[in-house]
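**Q** Spelled out from the first residue to the last, the chains are:
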Amino acid sequence: MTKIGLEIHCQLTNLESKLFCSCKANYREFEINENICPICMGLPGSLPRLNQEAVKKATIIAMALNCTTPDKIAFFRKNYFYPDLPKNFQITQLNIYGDSSIGGVGSIMVGDKKIRITRIQLEEDPGRLIYEGSSSKNLITLVDYNRAGTPLVEIVTEPDFENPKQVREFLNILSDLLENLGVSDPSLEGAMRADANVSIEGGKKVEIKNIGSFHDLEKATIFEITRQESLHSRDIEIIQETRHWDDKRKITVSSRSKEEDLDYRYFLEGDIPWIRIDPEIQKELKSKMPESISSKKERYILQFNIPAQVASVLSSDKFYSDLFEISHTESNAKEIANIITTDLMGLVDTREKREDSKITAIHLKDLTDSIQSGKISRNSAKNALYEIVKTGKDLSQVISELDLGNVSDESELLEIIQKVISEESQAVEEAKSNPQTINYLVGKIMQKTKGKADPKLTLDLLKKQIG
Amino acid sequence: MNLKISALEFVQEVQNGNISAEDFVAKTLERIQSIDEKLHAFLSVNEQAVDQARKVDKKIKSGDKVGACFGMPISIKDNMCIKNSKTTCASKMLENFVAPYDATVITKLKEQDAVFVGKVNLDEFAMGLTTEFSAFGSSKNPWNTEYVPGGSSGGSAVSVSAFECVASLGSDTGGSVRNPASFCSAIGYKPTYGLISRYGLISYANSIEQIGPLTRTVKDAAFILNIISGLDPNDNTTVDNKSEDYLSDIDSGIEGKKIGIIKEMTEDGIDLAVLSATKNAISKLEALGAICEEVSLDMVKYSVAAYYTITATEAGSNLARYDNLRYGYDFPLEGYEFNSYISKARQNFGPEVTRRMIIGGFVPSAGHAGKYFLKALKVKSKLTREINEAFKKFDLLIAPTVPVLPFKIGEKIDDPVSLFQIDINTVTANLTGKPAISVPFSISNGLPIGIQLFADSMNDKLLLQAAYALEQTVSLPKVPI
Numbered sequence: 002m003t004k005i006g007l008e009i010h011c012q013l014t015n016l017e018s019k020l021f022c023s024c025k026a027n028y029r030e031f032e033i034n035e036n037i038c039p040i041c042m043g044l045p046g047s048l049p050r051l052n053q054e055a056v057k058k059a060t061i062i063a064m065a066l067n068c069t070t071p072d073k074i075a076f077f078r079k080n081y082f083y084p085d086l087p088k089n090f091q092i093t094q095l096n097i098y099g100d101s102s103i104g105g106v107g108s109i110m111v112g113d114k115k116i117r118i119t120r121i122q123l124e125e126d127p128g129r130l131i132y133e134g135s136s137s138k139n140l141i142t143l144v145d146y147n148r149a150g151t152p153l154v155e156i157v158t159e160p161d162f163e164n165p166k167q168v169r170e171f172l173n174i175l176s177d178l179l180e181n182l183g184v185s186d187p188s189l190e191g192a193m194r195a196d197a198n199v200s201i202e203g204g205k206k207v208e209i210k211n212i213g214s215f216h217d218l219e220k221a222t223i224f225e226i227t228r229q230e231s232l233h234s235r236d237i238e239i240i241q242e243t244r245h246w247d248d249k250r251k252i253t254v255s256s257r258s259k260e261e262d263l264d265y266r267y268f269l270e271g272d273i274p275w276i277r278i279d280p281e282i283q284k285e286l287k288s289k290m291p292e293s294i295s296s297k298k299e300r301y302i303l304q305f306n307i308p309a310q311v312a313s314v315l316s317s318d319k320f321y322s323d324l325f326e327i328s329h330t331e332s333n334a335k336e337i338a339n340i341i342t343t344d345l346m347g348l349v350d351t352r353e354k355r356e357d358s359k360i361t362a363i364h365l366k367d368l369t370d371s372i373q374s375g376k377i378s379r380n381s382a383k384n385a386l387y388e389i390v391k392t393g394k395d396l397s398q399v400i401s402e403l404d405l406g407n408v409s410d411e412s413e414l415l416e417i418i419q420k421v422i423s424e425e426s427q428a429v430e431e432a433k434s435n436p437q438t439i440n441y442l443v444g445k446i447m448q449k450t451k452g453k454a455d456p457k458l459t460l461d462l463l464k465k466q467i468g
Numbered sequence: 245m246n247l248k249i250s251a252l253e254f255v256q257e258v259q260n261g262n263i264s265a266e267d268f269v270a271k272t273l274e275r276i277q278s279i280d281e282k283l284h285a286f287l288s289v290n291e292q293a294v295d296q297a298r299k300v301d302k303k304i305k306s307g308d309k310v311g312a313c314f315g316m317p318i319s320i321k322d323n324m325c326i327k328n329s330k331t332t333c334a335s336k337m338l339e340n341f342v343a344p345y346d347a348t349v350i351t352k353l354k355e356q357d358a359v360f361v362g363k364v365n366l367d368e369f370a371m372g373l374t375t376e377f378s379a380f381g382s383s384k385n386p387w388n389t390e391y392v393p394g395g396s397s398g399g400s401a402v403s404v405s406a407f408e409c410v411a412s413l414g415s416d417t418g419g420s421v422r423n424p425a426s427f428c429s430a431i432g433y434k435p436t437y438g439l440i441s442r443y444g445l446i447s448y449a450n451s452i453e454q455i456g457p458l459t460r461t462v463k464d465a466a467f468i469l470n471i472i473s474g475l476d477p478n479d480n481t482t483v484d485n486k487s488e489d490y491l492s493d494i495d496s497g498i499e500g501k502k503i504g505i506i507k508e509m510t511e512d513g514i515d516l517a518v519l520s521a522t523k524n525a526i527s528k529l530e531a532l533g534a535i536c537e538e539v540s541l542d543m544v545k546y547s548v549a550a551y552y553t554i555t556a557t558e559a560g561s562n563l564a565r566y567d568n569l570r571y572g573y574d575f576p577l578e579g580y581e582f583n584s585y586i587s588k589a590r591q592n593f594g595p596e597v598t599r600r601m602i603i604g605g606f607v608p609s610a611g612h613a614g615k616y617f618l619k620a621l622k623v624k625s626k627l628t629r630e631i632n633e634a635f636k637k638f639d640l641l642i643a644p645t646v647p648v649l650p651f652k653i654g655e656k657i658d659d660p661v662s663l664f665q666i667d668i669n670t671v672t673a674n675l676t677g678k679p680a681i682s683v684p685f686s687i688s689n690g691l692p693i694g695i696q697l698f699a700d701s702m703n704d705k706l707l708l709q710a711a712y713a714l715e716q717t718v719s720l721p722k723v724p725i
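Residue numbers (our numbering), protein chains in the order written: chain A, 2 to 468; chain B, 245 to 725.
There's no promise every hint is true.
Among the chain A residues that face chain B by a calculated CB cut under 8 Å, a handful are [claimed, not checked]:
#1 50
#2 75
#3 84
Derived by calculation from the structure, the hints in this document are not laboratory data.
Glycine included, C-beta positions come from ideal geometry on N, C-alpha and C.
Can you make the complete structure from the sequences, with help from the hints?
**A** Right, here's the structure in full:
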């Protein structure tokens with residue numbers, strides 16, 4: 002049986018500052034080596050100063066993944082030399098000397114499959130290496146320490162995945178969950194990275210490191226299973242080793258370095274004393290925890306009668322569900338859910354488009370109000386939405402500027418109807434015996450009004466005219 | 245000008261207008277100029293010290309608010325960061341490192357108008373007890389320049405006892421403040437772990453070390469402690485002392501106090517002169533009304549082994565950052581890749597640091613940790629339990645600071661194990677986090693002997709009161725230099 006276990010590194014991107022200093026956690030907007038200080042550079046004499054918010058955010062993640070949360074946590078040093086590591090050790094957590102990591106055992110359901118969580122640990126991200134030069138002769142490695150010290154949560158799972166599809170489903174659920182908790186923006190480059198352990202029946206465990214995105218994680222596991230199965234079918238032994246994901250060639254490559262033999266000489270980080278996680282604080286965090294995705298989904302279905310498929314899409318995405326939560330009322334909820342999932346999602350389908358989008362909950366509310374009162378047709382609403390996303394103008398302004406308002410003036414409409422009746426005399430005759438044809442005539446009227454005729458009024462007037 | 249006055253006397257004299265800070269600092273620099281060639285306490289001298297003192301004088305004259313130090317010349321062990329000045333740790337590795345920030349203790353002293361006259365010598369990265377392991381040469385004992393001044397804060401002790409400054413800050417990981425204080429006849433005080441911020445002190449073994457003052461009098465040590473102690477957001481291990489005033493009631497006496505004489509620190513291997521000084525000190529304390537009784541701390545006999553195991557482990561990690569990538573010295577890159585480059589760069593550590601690096605790579609490693617590092621941690625916690633038990637019965641504990649008299653430079657340098665053993669009386673305070681102080685007590689054949697007192701955690705005030713009482717019982721000759 003194939004077994005896959007994961008170690009997921011998730012940056013707490015929504016925090017203000019780094020894990021041990023006051024440099025920004027959002028290092029992405031800085032010039033190289035500008036977001037640094039004596040602490041995150043590990044300068045002689047500097048000491049780590051623990052960011053208590055990070056402890057809270059990591060605890061929330063542990064709770065959301067149903068992990069045990071200890072009363073006291075501790076940090077450890079993981080010692081190894083690497084150019085991206087300013088102190089040549091990483092401050093991290095582990096449970097070898099008793100449970101002191103931010104999260105203990107837990108689990109999460111992926112469909113019907115239960116995935117067990119081994120532990121969750123809070124740690125610092127290293128800096129970033131930049132390679133320059135082409136051939137091996139002039140290759141130089143540059144180090145950007147802006148990222149060094151960024152708060153990172155490592156989520157370690159048991160080897161409970163049986164195939165890459167389950168891995169993908171889990172990652173989708175996890176990234177929605179982290180976003181919903183308001184702790185991280187998984188779409189940011191490098192915010193989510195992972196290592197995977199893969200073994201097949203009769204083979205040893207192989208660790209794949211350095212997988213830079215969730216998308217590649219699935220690819221890497223598929224490649225690795227295929228590689229191992231191919232070896233197995235030829236009776237070649239699968240050795241226990243560490244492999245690296247080559248992100249350009251999309252294959253795993255054996256690590257020539259003896260990284261697996263590294264002795265990290267773990268020991269307690271004396272500069273950060275044991276930290277008590279007060280039960281009161283735990284309780285408070287729990288009470289303030291955002292509603293879970295599954296609970297949201299259930300509520301949307303039961304309370305507003307929103308179809309399961311729509312509720313599922315809406316609840317799993319924080320951007321859309323936040324818009325929905327603010328804009329909906331008891332009477333327009335279904336309509337708003339519809340507009341979000343059918344129209345809005347098509348307009349803002351990338352991260353950039355979302356960030357540029359000017360839409361607010363008020364726009365959505367105005368839009369559904371106008372549809373329900375007949376001020377604007379469903380069709381025109383779509384055009385209005387496009388304009389709103391682009392400009393952020395008020396709905397009323399958009400309607401008047403683009404002339405999207407419904408034709409609901411009886412005399413104006415009657416004129417158009419009579420014109421259609423005179424043009425379509427044959428259809429009018431047919432309509433008297435076949436109600437289907439009436440729809441054809443309504444369509445013609447809509448064409449002439451560019452879709453702005455009030456549908457109900459049109460039908461009433463038309464029926465009267467035909468007799 | 246009398247450079248031999250204490251810190252409190254200095255404050256009084258300046259306040260009364262009898263002396264100016266500028267004159268005193270200028271004379272101090274002259275003395276450094278004239279005698280430090282012989283003593284080698286200083287690694288660098290602050291050229292702006294006189295200007296800084298003048299500014300303090302100006303403040304006094306114009307009636308501005310003046311800090312408690314009134315321009316007092318203080319020396320700083322060269323493992324604490326002063327912004328824009330070299331901080332070398334007496335190592336080739338940091339020979340050109342200019343700190344871009346102030347240590348918390350420096351910030352606090354600056355706020356109180358102290359003037360830093362210079363950075364003083366130490367064993368490389370504070371590893372040693374003689375200053376012989378300084379990459380820039382050993383300091384000399386002012387009582388006899390053929391002898392070691394003790395260490396690792398040797399430069400601090402020499403500069404205080406030879407009147408090259410009024411007070412000094414050292415750091416004490418296993419006795420590094422108390423040992424040289426004892427050898428040079430100064431007060432050397434290691435406070436409770438966490439009482440003084442370590443931010444800006446270059447770590448050797450961070451879980452047990454503390455910054456501590458070296459001064460001429462116990463009162464001066466309390467005065468300095470008042471300034472530099474307290475909670476610091478930059479050091480998570482600091483404790484809140486609620487702005488305790490350590491100077492008030494310092495003359496409360498020790499009548500009725502119970503003092504335990506640590507058996508394991510007053511028996512085998514102890515120099516006879518040291519033993520007789522200890523007995524003498526005990527009878528003086530008894531004469532003041534203290535009740536002295538022997539107490540046994542069984543774990544003391546394993547303390548040196550545990551100490552070197554733990555400190556080597558932490559040092560191995562703390563000093564890993566000196567990989568020459570961010571600061572260090574130039575050498576041609578040609579022919580090196582990452583690992584060989586680091587190996588080459590790290591050859592610039594001296595012999596003692598290298599020795600402890602090697603130990604520190606071994607004792608906590610997988611397969612050996614159980615036998616060494618974890619066992620050392622067990623000794624540490626057992627020793628702590630024992631001493632806590634002792635403090636249920638006793639208010640204070642007593643032992644000689646160092647079991648031997650100062651020895652000659654070069655005498656023990658090739659025998660690291662016998663050097664390590666000299667730490668037996670000092671490491672206990674570090675391993676257990678307790679405060680301890682060395683008080684100059686006698687001179688034997690022209691060489692100083694210090695007596696050490698211990699108190700329970702956060703009982704620093706009581707410790708200083710007892711040290712003050714002991715100090716008042718002796719009158720020692722001044723240093724012959």
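**Q** Does each hint fit the structure? Answer for all of them.
**A** Each hint tested on the structure:
| no. | hint | verdict |
| --- | --- | --- |
| 1 | 50 | holds (6 Å) |
| 2 | 75 | violated (12 Å) |
| 3 | 84 | holds (6 Å) |
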